[in-house]
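Enquirer: If you want the building blocks of each chain, they are given just below.
Number of protein chains: 2
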Amino acid sequence: MNETINTLYDHVTVREYSNREVSDETLDAILKAACSGSTMGNMQLFSIIVTRDEEMKRKMAPYHFNQQQATQAPVILTFCADFRRFNRYCEFRDADTTAYSNLQSYHWAVIDALIAAQNACVAAESLGLGLCWLGTITYNVDQFADILQLPQHVVPVACITMGYPAVTPPLTQKLPWKGLVHQEIYHDYDKEAIDRLYAEKEASEETKQILKENQLPNLAQVFTQRRYTKADNEHFAEVLRDFLEKQGFTV
Amino acid sequence: MNETINTLYDHVTVREYSNREVSDETLDAILKAACSGSTMGNMQLFSIIVTRDEEMKRKMAPYHFNQQQATQAPVILTFCADFRRFNRYCEFRDADTTAYSNLQSYHWAVIDALIAAQNACVAAESLGLGLCWLGTITYNVDQFADILQLPQHVVPVACITMGYPAVTPPLTQKLPWKGLVHQEIYHDYDKEAIDRLYAEKEASEETKQILKENQLPNLAQVFTQRRYTKADNEHFAEVLRDFLEKQGFTV
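If you're matching them up, the sequences are chains A and B in order. Per this note's numbering, residue 126 is the first one in the first sequence, and the count goes up by one each step. Per this note's numbering, residue 126 is the first one in the second sequence, and the count goes up by one each step.
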């Protein structure tokens, strides 16, 4: 339909980057696009930390579980929910600095940070870069906060590695998009709906390979028993909750 | 630099829509783009509720505080953090259905929902539509959940009104984007940095008008005393926390 729609449809996760440098001009365009999106009450409740220094990448790598893209990518952008700047603005203008230390305010800042993050991704891909989201940023929040020197009311919520692709993988197999869309009200999923929605994915060669490697009968069990187990999730939920409190957001 | 970057730079909030209908073809392109983004572990932890029915708009309007765009927009998209579908998949495949009932898992689903929401926005704007985010969706979560019939593990996190613009406002005045970007580590904001960052905004005619209307000396106090007060924020924080627990996410 147009170039932008094609960019969005063609999104893939790129984990291997070429040696081609990302120019300052290109990075500036991505960052400016990130800062051009919608924001709660025009408060702009986010900050972006740019990592290009090799030493900084090495420091963060263990907390990204040493995924290769965490050290191999030329640029890493960490998007933070940030009420610090706005609170400082309030402080220096004799306004209440305690109004935004709650879960609702944190939620607004998370939304702002993610709007910015996705804008950066779309901008980067439109300029020929490839990228990968590192979910690990929400696991080891306290370690990243130490390394990036995040003050009160700043919480990392998204981390994206970027560079020119060395290898561009094929499109990821996703559920049929109409299965994620509901008209007027939520239409709950019964067994038949789930079977239909997952049919293509479950029948794929990729899935068969994963099941073989994991010696498990289906993908759901690969997720719950190997990739994202209850024990891990509950542990990292506790880390996140403690960190939010430490940063000054009452949960 | 290219059409996509221009679309991102040119974003404005559009609250008044023309009578021009949004075709099914256009809406499908937007929804497909929404479903094409990155997602945690390819779990696709979101759902989109499409509102076009006038009666549904009227039901929701009071909880959007009767903002005109909540009834006047031809299309409203509500993006939900959704672990329901994945949990049902687990249930029908004899996998653990209790692994994702925690704050960390909720966080992943919020991220997925917002990636989808911002993709939808970029797609819509590239096709000539205008849009407005309704922050009210995170205030009155329980009422929206009733109206949209959201089951366990589904939480509305973004709501966007869309249509062809009747009036396209000028670009919103934002902070200089470089003030939101930090190189390698977070550089905290002292008074001088805050003064510099907010100087242009504080000197604008728009700000002067707002201060005159509110009879207050600065924008910070307009936010803390009028727009988003501590009492309101803490009330809606409690509503949100209670709702997350009700939906099965332990906070």
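Because the hints were derived from the structure by calculation, they are not lab data. Treat the numbers as computed from the prediction; the structure is a model and nothing was measured. There could be a bad hint or two in this list.
Claimed, not checked - Here are the simulated distance ranges between beta carbons:
1) B/Asp313 <-> A/Ala318: 34 to 40 Å
2) B/Arg183 <-> A/Asn144: 55 to 61 Å
3) A/Gly166 <-> B/Glu370: 24 to 30 Å
4) A/Gln340 <-> B/Met126: 48 to 54 Å
5) B/Arg351 <-> A/Glu128: 41 to 47 Å
6) A/Glu128 <-> B/Ala324: 52 to 58 Å
All residues carry an ideal CB built from backbone N, CA and C; glycine is no exception.
Enquirer: Compare the structure with each hint and give your call.
Expert: Consistency of the hints with the structure:
no. : hint                              : result
1   : B/Asp313 <-> A/Ala318: 34 to 40 Å : violated (50 Å)
2   : B/Arg183 <-> A/Asn144: 55 to 61 Å : holds (58 Å)
3   : A/Gly166 <-> B/Glu370: 24 to 30 Å : holds (27 Å)
4   : A/Gln340 <-> B/Met126: 48 to 54 Å : holds (49 Å)
5   : B/Arg351 <-> A/Glu128: 41 to 47 Å : holds (42 Å)
6   : A/Glu128 <-> B/Ala324: 52 to 58 Å : violated (37 Å)
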